[in-house]
Amino acid sequence: MAESDRGPQTGRFPIGIPGADLRTEERPLPPGEPPPWPPNAELKVVGKPTRRVDGLAKVTGRALYTSDVKPPGMLWARRLCSPHAHARITAIDSSAAERHSGFRGVELLDRPIGQAHLRDPKQELHSRFPVLRYVGQPIGAVAAVSPAAAEEIRALVRVEYEVLPFTIDLARAQEASAPIVYPGPVDMGGSAGGGGAASGLGMNGNVRGPSRSARGDVAKGLAEAEVVVEGEFRTQVQTHSALETHGVVAHWKRDGLTVWASTQGTASVQDELAATLGLPKANIRVITEYMGGGFGAKFGAGSYGLLAALLSRKTGAPVRLMLDRAEEHQSAGNRPATTQTLRVGAKRDGTLTAIQLRSVGTAGVATGAGVGSFAERMYACPSFSSEQYDVFVHAGPGTAFRAPGFPPGAFGLEQVMDELAERLGMDPLALRERIDTQVESGALARREQRRIGAEKFGWSRRRPPGSERGPVKRGLGVAQAFWPRHVSLESSCEVRLGRDGKVELRSGVQDIGTGTRTVLAQTVGEELGVPAGEVTIRIGDTLFPRGPNSGGSVTTASITPAARNAAAEVKRQLLELAAPKLRATPAELAAEGGFVYVRSSPARRLPLSRAARLMKAGALTAVAKRTPDYAPPPGAAVVKGYGGVQFVEVAVDTDTGLVRVERVVAVHDCGRPMNPLGVESQVNGGILQGLSYALYEERRLDPHTGRMVNPNLESYKILGPREVPRIEVHLIEDYRGRSSTDAGGIGEPAIVPTAAALANAIYNAIGVRMRELPMTPARVLAALATGGRKAAPR
Amino acid sequence: MSREDEAAGDESGRVEGAGERPQPRTNDPADPRSWAWRTTRREFFSYTALGAAAAAAAARARAAPAPAEARSALGPGAVPVVLWVNGARHRLELEPRATLAEALRLNLGLTGTKIGCDRGACSACTVLLDGEPVSSCMTFALDVGTRKVTTIEGLAEGDRLHPLQEAFVAHDALQCGFCTPGMVLSCAALLVRNPNPTLDDVKAATSGNLCRCGTYPKVFAATLAAASTRRAGR
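Line by line, the protein sequences give chains L and X. So the first sequence is numbered by my numbering: it starts at 1 and just counts up by one. So the second sequence is numbered by my numbering: it starts at 795 and just counts up by one.
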């Protein structure tokens, strides 16, 4: 590019937080990068509350989801799943199924998918078919001419089992005599959304690990402490319960495989199918135009993707395989259950001396049941140690779930900090002022967020715990968020300006409901000087340049810089084209408000559509790939995460145990907020999913059969409209000069502190600490009865 | 299934009382042999239980003459059905077990109606029957009768969006969008029966509609805004 020819460049970057310490800094600009944008206040499109560009499609029912796709001749597939928690298949007879007039095909899995695998496959139990280790484990699938025929045919496949002993109980599974889930050491990678656990850890029976982390000397830190606070905290299994279940429509044709997938990563589906089926990636096209929610569970092809592809290859027809709600709950992932013990030492002034963490959790037949690095990274503390164990039980596999590990981690640590503040006679916010100094973990933003939040919320109204009279007691609580910043460099876009003046962006990236289309339209619109609504966004198709998988709050931070850089290159070409016509040099021109004009004399201008007609080819195009985050200059604050502070006001009925959340004030940051309207929606969503986790949701398994007793949406309770409190969301802009958009993510941080803030508010209301989720009326009453000294019975 | 449903037929396929009523061939109101409208759920299951047991009963039926009423029972194969959807009359061939959601999605291609749970717990499949919101996954297509079906595709008048659709977009009352059609229709029905809803009214009207993205606050705001726009006559 022209700029890069002139040697090292610098740019004037906005750095800091408006209203606090916003300033402009001259910093090096890596070659080929466009000049930094000023703060949002000085931009025209980016940073403005912007309607979703796909809002119309969604409110009219025109948006086509994977479950709506129906190519001509499509067959309907259903999976066969294990009815047993632990079993060997001794025989499968599909002859009766094959005689059904609607039968078109059957395929069996030759290995388990989506669970841990034995490091040494030879250690597997002797079995002709994959060993079944949880109720709902997929065995295979049938394809039929109609949904009803598929149901009937599935029931006609006769499977014979040798039932083996099982356990679903976290405590029992750790005993030496417990039924063993895996007959040898196992490993399992995470997904793009997180989850999984370190490879190569040792195993003893069903216990894997520990995974350890340490700094400083915890024994010394505890010895030096003037106050030590300890607590044990338990969290339950939560299922993702996206309204659209997992699934695909797969069509295997001679020239390749096309898969419509309800996924958070078109790339992840393509990668997995290519690896499993031995096809070149170029022969696999994955399409995700609209998808009905993921929350971390929808990565890769899954058993359904593989089975549908195989059935399509066998039958020559497109095959639809979507899970039903019960399968979704049982086999499509969950947030693992955890039990953690925390010990925190501090000086009288609140300074921390030691944090010690031990967690034991279960992700069923998967790994990744830890509580994350929240306790390790959140607060300044010279010593830290953690050991985290995975315990296998015969239950459905855990997967990444919105901020894997962090909501349980915060539920523990933020309650311990609340308790520490009380023991020290400090206000919980004052304690945070002292210990929340880890700049890398977002401390700068949180300091401002505490100030704003305390004022908006009226934190000064807070009274000592349990001081309200009468049976219904109100309380106020606070907790803080941190989520590490992740960026996927596998993020590419193509931007095109057609000869007709139409602007289009193409990328494989998918919009999982977070508003990716809209921020892309804003980004390109800002650069080329057109409104977001005039940019056509074509995404969710692997025919386009590869996009990032959407997990861990990476998407906006990853893809918008690529979009801006591609648009900037198209603009460069456009200005070059228009310069002779406007009798100026390209450097004297700008594109804004639908015109290309001379900066010094804005009346000399061309409408974008006229300028576009100057091109000889059909379109000006540019493809850009995400470049690494800019290196901060020496001495600059390095921020590697996002913050957030949430305040909760609650009313607890001490006669019934009912908890009613009345109000939540949430103050968050996500770098440069691209579309405040969409960010606000995601924060609402994080809070409500967090409250739902804290109060209502729990996967319940029958101890006698291992079956889930609530695999539906009427007895698996997720928060509904009547449980919605008043929510106020405040965003701060946090400019750190990290990329050409300096955008960040918000999906994960918004859920991290919610359960903890609510628990702290309940404590403030009733003077009793809730140490186990969900905080049901029964548990509240039990805690009141025992004074919160021990975790309530299940 | 409820106990009532399970009691609808015994293993032999015999259904008590099934022969006591005239056997309809279609639900077309123009057809003299049409259904008696508003068949009860129990009555409906009486018919379908006959159908569902047909596989087993078929052999017996061939061996011995079946009672006349059983021969004329509906199903299990497709039967003609007439549905009024979004102002248009559709003649369909549907198995008696087909739900309204299936008929809309599979036979009419109206995929704006979503299926989230297929058992009436999430309301993603909400449509209006004569203006009343119902779960179309829990409504048999044959039970619709002459009632007019409005789906999300039929809410706008031509290119003019329903004020609620406008308000949902303006207030960002949608994220992944999968619950949105049902949510909009529940709110549309509310505004007809109560043009001046309070926040609690909106919460009650949407209380069955689950949204996993947590968009509820904006659904409330959009619905209240649409109501006030209507009151102002804009």
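For the record, the hints were derived by calculation from the structure and aren't laboratory data. All C-beta atoms, glycine included, are put in the ideal place defined by N, C-alpha and C. Be careful, since some hints might not be right.
Beta-carbon label-pair distances, calculated as ranges [unchecked claim]:
{"id": "1", "chain 1": "X", "residue 1": "G881", "chain 2": "L", "residue 2": "S600", "range": "57 to 63 angstroms"}
{"id": "2", "chain 1": "X", "residue 1": "N990", "chain 2": "L", "residue 2": "P49", "range": "42 to 48 angstroms"}
{"id": "3", "chain 1": "L", "residue 1": "G73", "chain 2": "X", "residue 2": "S1001", "range": "38 to 44 angstroms"}
{"id": "4", "chain 1": "X", "residue 1": "D953", "chain 2": "L", "residue 2": "P83", "range": "47 to 53 angstroms"}
{"id": "5", "chain 1": "L", "residue 1": "S213", "chain 2": "X", "residue 2": "D953", "range": "40 to 46 angstroms"}
{"id": "6", "chain 1": "X", "residue 1": "S1001", "chain 2": "L", "residue 2": "S213", "range": "54 to 60 angstroms"}
{"id": "7", "chain 1": "X", "residue 1": "E926", "chain 2": "L", "residue 2": "P531", "range": "38 to 44 angstroms"}
{"id": "8", "chain 1": "L", "residue 1": "P280", "chain 2": "X", "residue 2": "A882", "range": "45 to 51 angstroms"}
Hint check results:
no.: 1; hint: X:G881 / L:S600: 57 to 63 angstroms; in the structure: 59 angstroms, holds
no.: 2; hint: X:N990 / L:P49: 42 to 48 angstroms; in the structure: 27 angstroms, violated
no.: 3; hint: L:G73 / X:S1001: 38 to 44 angstroms; in the structure: 41 angstroms, holds
no.: 4; hint: X:D953 / L:P83: 47 to 53 angstroms; in the structure: 52 angstroms, holds
no.: 5; hint: L:S213 / X:D953: 40 to 46 angstroms; in the structure: 59 angstroms, violated
no.: 6; hint: X:S1001 / L:S213: 54 to 60 angstroms; in the structure: 45 angstroms, violated
no.: 7; hint: X:E926 / L:P531: 38 to 44 angstroms; in the structure: 40 angstroms, holds
no.: 8; hint: L:P280 / X:A882: 45 to 51 angstroms; in the structure: 46 angstroms, holds
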